[in-house]
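S.K.: Given the sequences, and given the hints that come with them, work out the whole structure.
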Amino acid sequence: MIVDNALYHDGVRVALDGDDPSLGHARVPCDPGDFQWVGIHDPTDDELALIAKMFDLHPLAVEDAGDSHQRPKVERYGDTLFLVLKTLWYVDDQDAVETGEINLFIGRDFVVTVRHGQGVNLADSRRDLEQRAKVLEHGPMAVMYAICDRVVDEYERVGAALEEDVDEVEESVFSPARTNDSVRIYTLKREIAEVRRAVLPLREPMRRFAAGQHESIDDETATYFRDVADHLQRVSEVIDTLDNLLSTAFDAHLARISVQQNEDMRKISAGAALVVVPTLIAGVYGMNFDHMPELHWTYGYAFAIALMVGASAVLLWFFKKSGWL
Amino acid sequence: MIVDNALYHDGVRVALDGDDPSLGHARVPCDPGDFQWVGIHDPTDDELALIAKMFDLHPLAVEDAGDSHQRPKVERYGDTLFLVLKTLWYVDDQDAVETGEINLFIGRDFVVTVRHGQGVNLADSRRDLEQRAKVLEHGPMAVMYAICDRVVDEYERVGAALEEDVDEVEESVFSPARTNDSVRIYTLKREIAEVRRAVLPLREPMRRFAAGQHESIDDETATYFRDVADHLQRVSEVIDTLDNLLSTAFDAHLARISVQQNEDMRKISAGAALVVVPTLIAGVYGMNFDHMPELHWTYGYAFAIALMVGASAVLLWFFKKSGWL
Amino acid sequence: MIVDNALYHDGVRVALDGDDPSLGHARVPCDPGDFQWVGIHDPTDDELALIAKMFDLHPLAVEDAGDSHQRPKVERYGDTLFLVLKTLWYVDDQDAVETGEINLFIGRDFVVTVRHGQGVNLADSRRDLEQRAKVLEHGPMAVMYAICDRVVDEYERVGAALEEDVDEVEESVFSPARTNDSVRIYTLKREIAEVRRAVLPLREPMRRFAAGQHESIDDETATYFRDVADHLQRVSEVIDTLDNLLSTAFDAHLARISVQQNEDMRKISAGAALVVVPTLIAGVYGMNFDHMPELHWTYGYAFAIALMVGASAVLLWFFKKSGWL
Amino acid sequence: MIVDNALYHDGVRVALDGDDPSLGHARVPCDPGDFQWVGIHDPTDDELALIAKMFDLHPLAVEDAGDSHQRPKVERYGDTLFLVLKTLWYVDDQDAVETGEINLFIGRDFVVTVRHGQGVNLADSRRDLEQRAKVLEHGPMAVMYAICDRVVDEYERVGAALEEDVDEVEESVFSPARTNDSVRIYTLKREIAEVRRAVLPLREPMRRFAAGQHESIDDETATYFRDVADHLQRVSEVIDTLDNLLSTAFDAHLARISVQQNEDMRKISAGAALVVVPTLIAGVYGMNFDHMPELHWTYGYAFAIALMVGASAVLLWFFKKSGWL
Amino acid sequence: MIVDNALYHDGVRVALDGDDPSLGHARVPCDPGDFQWVGIHDPTDDELALIAKMFDLHPLAVEDAGDSHQRPKVERYGDTLFLVLKTLWYVDDQDAVETGEINLFIGRDFVVTVRHGQGVNLADSRRDLEQRAKVLEHGPMAVMYAICDRVVDEYERVGAALEEDVDEVEESVFSPARTNDSVRIYTLKREIAEVRRAVLPLREPMRRFAAGQHESIDDETATYFRDVADHLQRVSEVIDTLDNLLSTAFDAHLARISVQQNEDMRKISAGAALVVVPTLIAGVYGMNFDHMPELHWTYGYAFAIALMVGASAVLLWFFKKSGWL
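As you go down the protein sequences, you meet chains E, L, Y, H and W in turn.
When you line the first sequence up against the UniProt record's numbering, it's residues 1 to 325, in that order.
When you line the second sequence up against the UniProt record's numbering, it's residues 1 to 325, in that order.
When you line the third sequence up against the UniProt record's numbering, it's residues 1 to 325, in that order.
When you line the fourth sequence up against the UniProt record's numbering, it's residues 1 to 325, in that order.
When you line the fifth sequence up against the UniProt record's numbering, it's residues 1 to 325, in that order.
There may be inaccurate statements among the hints.
No copy is singled out in the list; a pair is fine if it fits within one copy or between any two copies.
[Stated by the list, open to error] List time: in silico DSSO-like cross-link candidates among lysine-lysine, alpha-carbon distance up to 27 Å:
1) 53 to 134
2) 320 to 267
3) 267 to 321
4) 53 to 73
Calculated from the structure, these hints are not laboratory results.
M.R.: What follows is the structure in structure tokens.
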């Protein structure tokens, strides 16, 4: 679905003929410095074909743009840059990270954004940018920066949410309660792997943009991309640290299970002793010797019971003292 | 066995004399731009010698082509490129990855494909290519691309199948059932190692092709190889992620075993208590004291049995409550 | 809050008009070689804006300086260097590493230091430097060196404190006492990760300063930065070693738990044997056979008791001897 | 001991004066293109000194050649190349990898081979080469290639033998039998470390030879060294894979131990239940109540025994059903 | 303490005025090619200051030389090289690696050696060198080589001693005895980390010396440094291998603990069965049924005892057969 389609002149949105968000008309002729921005969401093959024809896009890039399971990358086809960005967002209800995809075609005088799935809302980014004519004046590269910045900001939010999750896991692992943390840790590791797959492949190209190793990026814009690269670096460090902490937390979880088993075993043994020792006493007074004076005492029975209770009490005290119960 | 042998002129198959798939005749003289494509399956030494003589192939490459246990590589002997590709495919019945091998000799005006074992069917690739004269016009490099693309597509399918297997293992590890996941995880790790051995050595040469660092690859073809390199990269990331997840799953499996042992131990202990406590009571009333009033009660016996049952019932309730049974 | 503001001429502090630490006046005109040093602590947005205007700082850097959760970095905006340093210090009471942040803007003729949180006291550094006019003569770079040196010295102190903590953990792990070292090890690993995040990103830029790959660093100053780089390297090696040792200590802790469980199990079993064998003897003399001569002995009962005690004593001796009790 | 000593002219062995394998005569004057090949086995210091004087070898290299515990390396002393190769071979009887050493001095017109210990038999290599005058015509480099090829072939054989050993270990780990695989895995890991130490240091120099980065290696010979480098690469990949598989197998072994312990514990508990429940019944009928009707039944005793057997039988059935026995 | 002070002319020691090992006189004027060698042990600040003034050493280097906790490094201050070497030696009595430090200042015409702590005795090195005038003729670089060679030889000896320790640990881990190997393994890992910290930072500078990337090192000396670099490489490989083997040995140790626990558990259970089954029999004949024929047999008691002993014997035989006892 074509979501929006506009021409920008000196950073200001110019109404297109009929201002119809569909692409029913041919490509808009641009003055130098102007550019057209077309936004598509969950594109049909027809829409992609139309766009490809309008802006003369490379078939391989168009094919990739139609598929929502690409890995993040930045590629150059002739004059056109093609970016695949993974969008990530954190769903609080499910404590889960979800992924979408944004594809960008950045030409000299046009921008095509293709969004798959939910996640970062490009309409908001566009509205924000339209408020800042000074930024938009830098042309398509400014749009690319704005979107990358938006996407990476979202990564940082996901990173922060995962940090909280890891804190929770940590608390749970070290709490005295009997918790089944291994599923939770595993799920978090899976999500971290997901984030890593989104973040890592972007670091290199963003660093290249930041270093100005791209003809259409001027020094001013490069500085902005340095900011993006820096944030990406921060996210990837957070992610690596969390991954390591989770591994350590898992080991601690294993240790805790062992310790608990040990404690249970000691508790069980102590409990057993409380029963077995009186049983021995009962056994003794169940013997059939002719001469067992206690048996004939008036309070023999009471004595035996007292002996049993006493022995158990002593054991109980002893185990309490030595921490087994 | 020589499977097919044809001359291509302007991307179109030209019937050879007698159109006989055997190589009974000398090498076909080619117009500039034409090339000959010979396909061999499980070659005999004689066939290899014949081919080597026809196209003046390097003896070391021919020796490698005759051996089906090569590692993937791309080598250059004079004007001729020699590729060893591992073919992978997933056998659903056995949940196993199987491997074959394809060797390619790519010359200025010829292509020789040598297939070992099953796997990717080159006859299909050839038929597909023959439909697309425009691609075939690019000559031997187009054939090389088509085959690499085919092989790598198969890798992606294997990667996807392994992802499903890992999902199954995951489910099994975290299911309450008592499963023996370690064999399964081990087997999967083995298969992942197999895939890695096929994929990794290809990444570097494909990247070189993609970067156009090869004289006989023009810009257009390089773009296509970039696609192949990108897919290889994706497969290798999937494989790495799966390997890590399997390691974590294994740890979770170990944790689960420990937890189960702990639970079993507590269940056993609770069960034991249900028997041992009544035994103590029985022991008490088996004592031979002269004065044990209960022994002379009319309902003493019933009282004792009730005591036993009662004690067990209390214990049962207690253990149920505290989650030990 | 603006903490201090002074002009340095030939390495000597020159009282500013009114010597008022607030920035109520415009930027001080400098002779060549002179520089102004403004120190800010926990800046408000207004203060940052004022400073940014005075020294014409880049908005992205100013934005970073206002945020106390940056990663360490060295960036260049036109003629101005922008440094983010993490300050670390060890709080003995809590055995914890705390972090603050210092941002530096180093221009040709000015230094702006922005401190967030506690930690390294820059006022002290300034006083020290003011004693050493010869060093201050080198200008802003000397200030940058002095602060980096100060911060990295603090890292070394933290490293040493962590080494002591690891020694304590080690002792605890290998002590015969039943200790819960996993929490402690986990916390230490977290702190080490914190230190690593402060140290690692600085290594590369410091090495670059040390190699003189920066126009405003003369050879003499480069030598000093080599010292800083060397200390950073030492800290990061200490940190890596500690991390590895902690992992090994954790494994040893796990082993210890297993060994303890084993010892407990043997102790429990030996203890059980001391009760179960007399119970068997009691059971035997509780049998109701008509002809059991011991039952009619005068000292039969004493004999039985002696047998029980004797059996237990033998077992006790045996278990002591074989190390089970 | 000097094993062989010959002059090669145009790739053909020329009998030396007296054809005496000892070095009793001075160095043989060579026509251009000719070279002398001296083979030594377990050299004495005198022999080394003699050789060193004859061919003007560097003292450091000669010292290394006299010591059989060098690491593999390729070094250049003036015009002379000095190679240290580790020879590996697999002793089937002991399932062990043994190591020897070959040192090569390769000059413009001479080859000195110094062999320590058993392993690769250079006499065979020499005989093989002497059959192939065409190869020998390439001079000392051809000899170097031939020996490297021989040695690396042996590595591949060792790699294959280790693969079989790992397969055996794998089978043993996953077999239901109670096996002590940890010693076996440890030994294999040790042997793999041995192989790695022989293989890894050679990879880089062989790659350099293969890339022709050595003046005395012509293109044709470089191609052959590419073959050697490729085989080395294959061995080192096999070795890495095996090492990883062994680690995983070890983990699986640990898991198996835990599972077995769990199964044993359940078996033991079930077995105990079969005895403890009848004991309780016996205890009940051992009570001394006045009114216990069963005691006076004619078949009371039989009833009690039947109850015991019945209870055990029910338990047995139950445990069989639930897989505990 | 200044230990020795001499002038070397053409590789021969020249008595200084008064030949007094103290530095009471000014610096000795040197002919070209001559050099002065001052040796200091555990220097006082005054001695360092004196030396620094005499040879015009850089204050940062002098500061480092006064501190015995530097990391190994090679630095250049103007014309002077400054080396920090860690000396290692193995104390047999304690099975421990101890560390000292040597600092070298290598100028065009002087050498200053500063030794901290025990370890490598430089007086011996000096005596050895003085015997070899030919080596000493190469000037300060020869001294540097001789000391590095000496220090690295000591590393190799430490490496060999650690190899023996690992062999002992290995034997202990796989011996049937119940050993507490985790402390030992941990200590060894700590020592290996120590060695690594001494060895690793030297590899790169020694390789640079060996490659002749240092103006004052001629080709002949470079060859000697190649020898040093090679030995360093060997030590670091040995160390890495040992570290890996220790990790594997630790895992094997863990496995052994588990196996032992399992065996103990089975032994305990078997032992318990030997007591519990007779107890059941005793319980049976302790029942009070009116009609229990065995009770009235003349040899009933003997029969019961025989039954008990028989049952135990059968169990004993059974457990022996199945390896539980």
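S.K.: For every hint, state whether the structure bears it out.
M.R.: Going through the hints against the structure:
1. 53 to 134: between (31 Å within a copy, 19 Å between copies)
2. 320 to 267: Classified as both: same-chain Cα gap 10 Å, cross-chain 17 Å, threshold 27 Å.
3. 267 to 321: Both: 13 Å inside a chain and 17 Å across chains, each within 27 Å.
4. 53 to 73: within (23 Å within a copy, 39 Å between copies)
When the structure is compared with the earlier hints, no violation turns up for any of them.
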